[in-house]
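Chains as they are written, first to last, in my numbering: chain A, 1 to 109; chain P, 1 to 242.
Hints listed in this document are in silico derivations from the structure and should not be mistaken for laboratory results.
Hints may contain errors.
Incomplete in silico selection of chain P near chain A, CB under 10 Å [as the list claims (entries may be wrong)]: (1) Val46; (2) Ile215; (3) Leu230.
Glycine residues also receive a C-beta, built at the ideal position from the N, C-alpha and C atoms.
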Amino acid sequence: MIHQDLIILVMVITIFLVRSFAFIFTSYSLPKVAKEALNLLPPAIITTILADGIFVPSSGNGLNLSLLNPFLISSIIAIIITLRVNNLFVAIFGSYVCYLVLLHFLPIK
Amino acid sequence: MDPSSRIEWALAFKRSAPLLLSSLPTAIVFGALMVASKLSALDGIVMAGFIYSTVAQFLGLHFILTTTGLAVVFITTVMLSLRFLLYALTLVDEVKPLPLAYRLILAFSLTDSVFILTKRRFNEGGGQKDKITFFLACTCLFYIVYLIGATIGVLIGNAVAQHAKDWGLNFFVYATFAALLAPYLKSRRNQIVATLSLVLYLLLHNILHDLSIVISSLVAIALLEIGRHLLKITPKNKGDPP
Numbered sequence: 001m002i003h004q005d006l007i008i009l010v011m012v013i014t015i016f017l018v019r020s021f022a023f024i025f026t027s028y029s030l031p032k033v034a035k036e037a038l039n040l041l042p043p044a045i046i047t048t049i050l051a052d053g054i055f056v057p058s059s060g061n062g063l064n065l066s067l068l069n070p071f072l073i074s075s076i077i078a079i080i081i082t083l084r085v086n087n088l089f090v091a092i093f094g095s096y097v098c099y100l101v102l103l104h105f106l107p108i109k
Numbered sequence: 001m002d003p004s005s006r007i008e009w010a011l012a013f014k015r016s017a018p019l020l021l022s023s024l025p026t027a028i029v030f031g032a033l034m035v036a037s038k039l040s041a042l043d044g045i046v047m048a049g050f051i052y053s054t055v056a057q058f059l060g061l062h063f064i065l066t067t068t069g070l071a072v073v074f075i076t077t078v079m080l081s082l083r084f085l086l087y088a089l090t091l092v093d094e095v096k097p098l099p100l101a102y103r104l105i106l107a108f109s110l111t112d113s114v115f116i117l118t119k120r121r122f123n124e125g126g127g128q129k130d131k132i133t134f135f136l137a138c139t140c141l142f143y144i145v146y147l148i149g150a151t152i153g154v155l156i157g158n159a160v161a162q163h164a165k166d167w168g169l170n171f172f173v174y175a176t177f178a179a180l181l182a183p184y185l186k187s188r189r190n191q192i193v194a195t196l197s198l199v200l201y202l203l204l205h206n207i208l209h210d211l212s213i214v215i216s217s218l219v220a221i222a223l224l225e226i227g228r229h230l231l232k233i234t235p236k237n238k239g240d241p242p
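Okay, chain A solo, but in the shape it has when bound (with noise of 0.2 Å):
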């Protein structure tokens, strides 16, 4: 009992300095090539989250590089459905049934 409420409390703990760290010492402030270069950060780290939640099976070691993977193709059609309606429901909405049809039809990752 003890050690998991210490486990909760140092990832509460932790998470929350790491959050907070750069917005606690404003003075610092980063030079203007690193500001410009962190616009780049969105598509940049949604595209490796995203990657990460594809490539890693629930094993968790080594990479499912299979293209007939459901989530792949899911994401796939998420993003082009994005891309045409432009409409956040019905891309998330529509790639998640897409999923789940494949899911049937494919081996689950």
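Since the structure of chain A is already known, use the hints to place chain P on it.
Positioned in the frame of chain A, the structure of chain P alone reads:
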């Protein structure tokens, strides 16, 4: 509430709505999984409310179930949260004038979705005060929905946890990310950085594991910017979706 604040709240609600709806299943699944793993409903809500990061929460559950040592918990949590530090660094100029307590609240709420929505808002026209209101609105909306989801999850418990994989509820997070990525891919610059990130991630994952998310992104950005300076190309916009 003054009219411009009301406008920002309405805008935040409108833009957040699809993302809120898709964060709900994830929050519910977490709550359900906690209860299904024989942890208490209170633990579930505390973790959701104070850790407030689905990835970290699921990992936390794993740590608890495997009684992982605190040093490993600490190091892994730092690695997982690095991207939040990056998000904050990107927005630090916008929040500088605010009081510390306000800054801490905003920092705590910087999840992926809140960051993306807020970053886009700060790059648009309009008064700074309005944009901060937007940030605060997103903060409140996402947090409330997330807590509601976690509460529903611990209440529904076992039933959901067993079916989560069958119903593909875990896909919602990634559907959201894919839908958020799409508009960025209209610009050549973003296409290049996304491709670079992906390639680097695939190359580095087996070596860097959890760190590969942040490192691949940063290296991709650095490569692109260095290339751009070497070739003396000026970006047309701030890299936002057109």
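Each hint, compared with the structure:
1. Interface hint at valine 46 of chain P: satisfied, since its Cβ lies 7 Å from the closest Cβ of chain A, which is below the 10 Å cut-off.
2. Hint status for isoleucine 215 of chain P: holds, given a least beta-carbon distance of 9 Å to chain A, under 10 Å.
3. The criterion of a C-beta within 10 Å of any C-beta in chain A is not met by leucine 230 of chain P, whose closest approach is roughly 14 Å, and the hint is violated.
Hint 3 from the list above is the single one not met by this structure.
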